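> Construct the complete structure from the given sequences, taking the supplied hints into account.
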Amino acid sequence: MHPLVPLTIAALLTSASLVAQQNQEQAEFFEKKVRPVLVKNCQGCHNAKVKTAGLDLSTAEGFARGGGTGPLINTDDPHKSLLLRVVSYEGQLKMPPTGKIAEEELKALTAWVEAGAVWPGAAAVASAKGPEKSQRQVGEEEKKFWSFQPVKKPALPTVKDESWVKTPVDRFILAKLEEKGLKPAPPASKVALLRRVTYDLTGLPPTPEEIRAFLNDKSPNAYEKVVERLLASPRYGEKWGRHWLDVARYADSTGNDEDHRYPYAWRYRDYVIEAFNKDLPYDQFIREQIAGDLMPSPTPGEPNRRGIIATGFLALGAKALAQQDKKKMLYDVYDEQLDVMSKGVMGLTLACARCHDHKFDPFFTKDYYSLISIFASTRSFRDPESHVSKLLFTPLVKKEEYERYEKYQAKIEQKNLEIEIITDEEIEKRMSSQYPRLADYMVASRRVHDGKDAAAVAAEDKLDLEILKKWVKYLDPGDESRVHLQEWQKAAPDALARTAKAYQERFEKTRAEWTAEVLKWRAEFRKSLKDGSAAPAKPKFEGSKDRFFEEVYFNGPFGVARRERDKILAGAAKEAVEKLRAEIAQMKAAAPPEPDMACAVQEGEPVAQKVFIRGDYNSLGEDAPKGVPLILAKGSPELQTKGSGRLELAQWLTRPDHPLTSRVMVNRIWFWHFGEGIVRTPDNFGKMGDRPSHPELLDYLASEFVDKGWSIKHMHRMILLSNAYQMSTAISDEAMELDPENRLFSRFPRRRLTVEEIRDGLLAIDGSLDLTMGGTLQQGFGTDSENSEARLSLRPETNRRRMVYLPLRRANLPTLLNLFDFGDATTASGRRAHTTVAPQALFMMNSDFVTERSRNLSSLLLKETDSSSRVRSLYLRILNREPEAAEIDNALSYISGFQSKFGGKRTEADAWFSLSRVLIASNEFIYLD
Amino acid sequence: MEKILQHFHKTQKPMSRRAALRAAACGFGFLGLADLLAAVDNPLAPRAPHFPPKAKRVIFLFMHGGPSSIDTFDPKPRLYRDHGKPLPIKRPLAFADEPAGPLMKPLWEFKQYGQSGIPVSSLFPHTATCVDDMCIIRSMVGEGVDHGAALLQTFTGSSTFVRPSMGSWVVYGLGTENQNLPGFITIKPALSHGGAKNWSSAFLPGAYQGTAIGHAGLKVDDVKGEPIEYLLQKTLSADEQRYELDMLRNINQRHAEMRKHDPQLEARIQTFELAFRMQMEAPEAFQVEQQESEATKKLYGLDDPVTRDFGWQCLLARRLAERGVRYIQCTHSYKWDQHSDLYEKHTENAAEVDKPIAGLLKDLKSRGMLKDTLVIWAGEFGRTPVSQGGNGRDHNPYGYTIWMAGGGVKPGFIYGATDDIGYHAVEDRMHIHDFHATVLYLLGLDHERLTYRYSGRDFRLTDVAGVVAKKIIA
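Protein sequence lines, in the order shown, are assigned to chains A and B.
Just add 371 to the spot in the first sequence (first one is 1) and you have my numbering.
Just add 356 to the spot in the second sequence (first one is 1) and you have my numbering.
Treat the hints as calculated values from the structure; they're not laboratory data.
Worth double-checking, as some hints may not be accurate.
[Said to hold, decoys possible] Between beta-carbon pairs, the in silico distance windows are:
1. 1159(A) x 445(B): 32 to 40 Å
2. 976(A) x 449(B): 48 to 56 Å
3. 699(B) x 848(A): 15 to 23 Å
4. 916(A) x 661(B): 41 to 49 Å
5. 661(B) x 933(A): 22 to 30 Å
6. 679(B) x 976(A): 55 to 63 Å
7. 661(B) x 887(A): 33 to 41 Å
8. 574(B) x 450(A): 52 to 60 Å
9. 1139(A) x 591(B): 13 to 21 Å
10. 827(B) x 491(A): 30 to 38 Å
11. 679(B) x 916(A): 21 to 29 Å
12. 454(B) x 905(A): 23 to 31 Å
As the structure is a computational prediction, the values presented were derived from the model and not from experiment.
The C-beta atom is built at its ideal place from N, Cα and C for all residues, glycine as well.
Listed below in structure tokens is the structure:
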């Protein structure tokens, strides 16, 4: 073919006629060999009309322009041309998708590209420009989008019925209702209100004492006092911290593939609970979660403990540690961090701009990669390149202190290894007389298997009875087919001895090899102990080399089980081990305490990020300097930073004039109180999200939030003390007609209790809830073997702590949580689903958990002698109100009916047990008025 | 009890539609079950597909770990010839850390079977007798080289993000036929490699979540006692529980009467009636050993300890399919991952599943169910033609074999091909997205129209990709 010179240059060097002749040849070659390939394999999707991926392969212009992934031809190095990479199935992108093109077709395309990829009748492709840059700009309409506008504190609306206004919130609600000619729902009853606000703020029911006290308190500020009491309760942080943990997609393991534990995630969870209890200003709360590690420590010279822990917000997402395309894995993690930050804090779905400009909102891939640049300059891994990437844990103590600890631990570990070696040597010594008798054991086992008495056989053959028994067990066929034993199992009776001998020979051979390896290591290890050098890694037997040896030698008939190892020690060995044990105990006693650790992020190497065209890191586009989305930036979007830019991002997010941060949070607070938002898509304030039903109210709350120092408890008071919050759930016929979806908040929305409220509430009702705060119930590190139950989360049904303290294995959340719409703990979510399905009813009817609660309740009730007061007590505990007279009658006739119908085998306690379950299963328990 | 009823009859207003529904649930029988379900907006009520379906239900036989295609259903003569030679192409991203080993020939003999003459290796002598009912797809392509990513993509379409699983999408699209059983059941699923994410409904409503029957770490005998959590009432007799539920209904009715315009209260009352029926009727479906004939049990290998586990799963799957469960998965627990000991372990694994699989196919066929039951056999990927450590193979998602049977696929048919060493799919490539699109198509669903709006975007099982492999449709 033709020389590898771009044609434009070649043309300058050759005569005009030669060029013409060449052109002619090339045109023929193209029409005969190349165009048919394109027509057959490519133009179905890449034509002028369809232009899949922005690529048109039916015209010279389209070909020259290339597609979204970039120019098709690399003029500097034609072999590296995208076109060839794609059709030869070498890169990530493989075309055509239906199968690789034929070898001759590939040859033709290669030759054509090498010759300059001339498309007859058009200017040489070699001079083609790159791909079309995104031409999209922020449109005027888009700039005016409501949520991007600055928050303006509106004037308070005037209303006709001034008497209904308790807090400014009421003016906004009432004004809209009056506009529609609607009246707000009447006030909720005192008991309903107490139940509502107690579950709302603490996630627990009011106690009978609290109910009585409130009903007896006739002072005008009785309700206010309740609100203050609840806001001051530590239970408040547990309930509202959990709301934020939904946004932070909190869980205690990585979820995807290996599901490794985050052993210190709980410190972040405790931080969140404490932040709510202390009313940590929200702007500071956000800054700490994005960049707390970069903020000054309150104690100079010490690490900023709280700040480091707070960055768990970024560190605790789902991760695919075994992904082998490590660059993809890292960018998936950055994407996930960007997603939780943008949805959680700003209510924006920015992660949608990873592969293309955002479809609906004015965010461009460049905006996306400018933010990604910040996370790409941040570390979440100690060693991302490791086969299973290793997570990063951050000590919460000074560096020197941590290093001291690590060194000390290594020394203890060495002592443990010494013990192991001594024990192994003892076992080998003890077994050395047995190894040569392997074949005898096998043959003897068969006799025992066939019905002979083991003791008699052992005596006869002079074998160790205990070891023989182990052999019998080991060689038993069982229900697993073990290929390496088949030869033995299939051996004919007359071939047993021969076969056993063969097994023994193989065993001895492997043992010799293994022993040599181990002895070598032991020598090196002992040398390292003497000269203080780093200890060599202990060899591990590669099981696939010899399964039989592995099973027999280590844990099988010739091995010693872990818990038996100590028992075989005697004499000098025993003394030596005891001495080492004592030394270890001493060292442990004197060891520096284990430093506190956190699952947190750290500053990494600053990255000069480029746009990845179509999300593919092999296709680099324009520079994406660290920055914030153009449409939200005031002035230049670039962040001036020497580090990752996280600190600057955190400061930008919490500027008082940020249009989204305050709006999104006050909407969340409103949402969590009412079960519905002013904007009903709390995680999406973009074009595809909902529009606020009360934009002025939203802005009023947002500006009040910022003005009052971002105090969340201040927001609670404004909302809880309003008349709007204190309305009943009653729906009038007019309201049903004019405000069917309650967009105007013409009544308080009835809601189902959350799964935490159901479970914690029921434990509180029968007095079994453990109110210990903080700390972790998670044990262990890393992950567990594939089918181990340790991969499951702890069961909320059998634990007594509040649910927020139960560690969540992300890949296997408790079924109870799935059953009652907990969500998946994987993406930021300010709204949980509400389903009503039969399996939920099964839980109420049949679960051990509800059975146990009902039993406990009936025992409590039986302590009271009067039946009516039992019913009262039951209603107060479960439904948090006094029963009516008719309800007491019903309950009592239920009890007597139960006894008369089933009295033969059922006791009175059973009847009360049954009634307790009925009330637990009732709609009135699970729905909050 | 009479007294209570009287009390409620006194307070009862003229019968509204809701009250009529409640009465129906009490057993007065004004309305049929279908009306009842429609009336309470049941997310699992049967729904019409987009177009006439070929298959009504799916049984997915999942071989966790990744069986080797070139040792089972995709023979490669060149591998015998070039055994021991270096890999002739650039190795794509691998799971193994070490450099690629040499090409390794299949360790089993292939033979042609049936009218179609489709070759199957000696690993699957029983399944081989069913090849004339099978459609072998030799050109599967996925993106995950590690188990976690590959499982997630196989079951949800995404190797990275948490998305609803295929079973959830199917039940979301079609509902289910038997309200006394879950619509999507996964038998002894894996807890690893994404665990429950592989049968989760993610952002679809929780009603579409798969119901797990035990998990892969349990033995059949641990599972069959209470296959579905909370299904069994352990202390009360049916009479006693009915008495209790009547009281519950009455209390709930009174509560609802005082709260107008709230359909969710009504819906929840109905769920207790549904649950009660489920509790009465569902356990029967799981009585595999008690109710099946000796001959059937033998057909599935329940009489042999080696095949008992998977045989039980397959036989249970058939019973569930018969009872109208829409989507059923059986999992042969994480056993197929032979980075070493390929010969020994693949032999053992195949021995455990071969007879049960053949039993299932034959049983479905003889009952006339194969024509509208889509059976899928797949691992999360295949294995490399190059050896790992001399006696194993690494993961290969670039070109691997799965097969389907029944449910409107071409019987005795081979679709697609890998290159001559079995590393890459080169002909009629079927990406996992295409596979999903095709399965939905067989069920009468258009993968581009089966969408769910979440977080401001319409999501699909197939994301923005997926082409139906029309060539395999019978």
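> Hints the structure violates: just list their numbers, smallest first.
Failing hints, ascending: 2, 4, 11.
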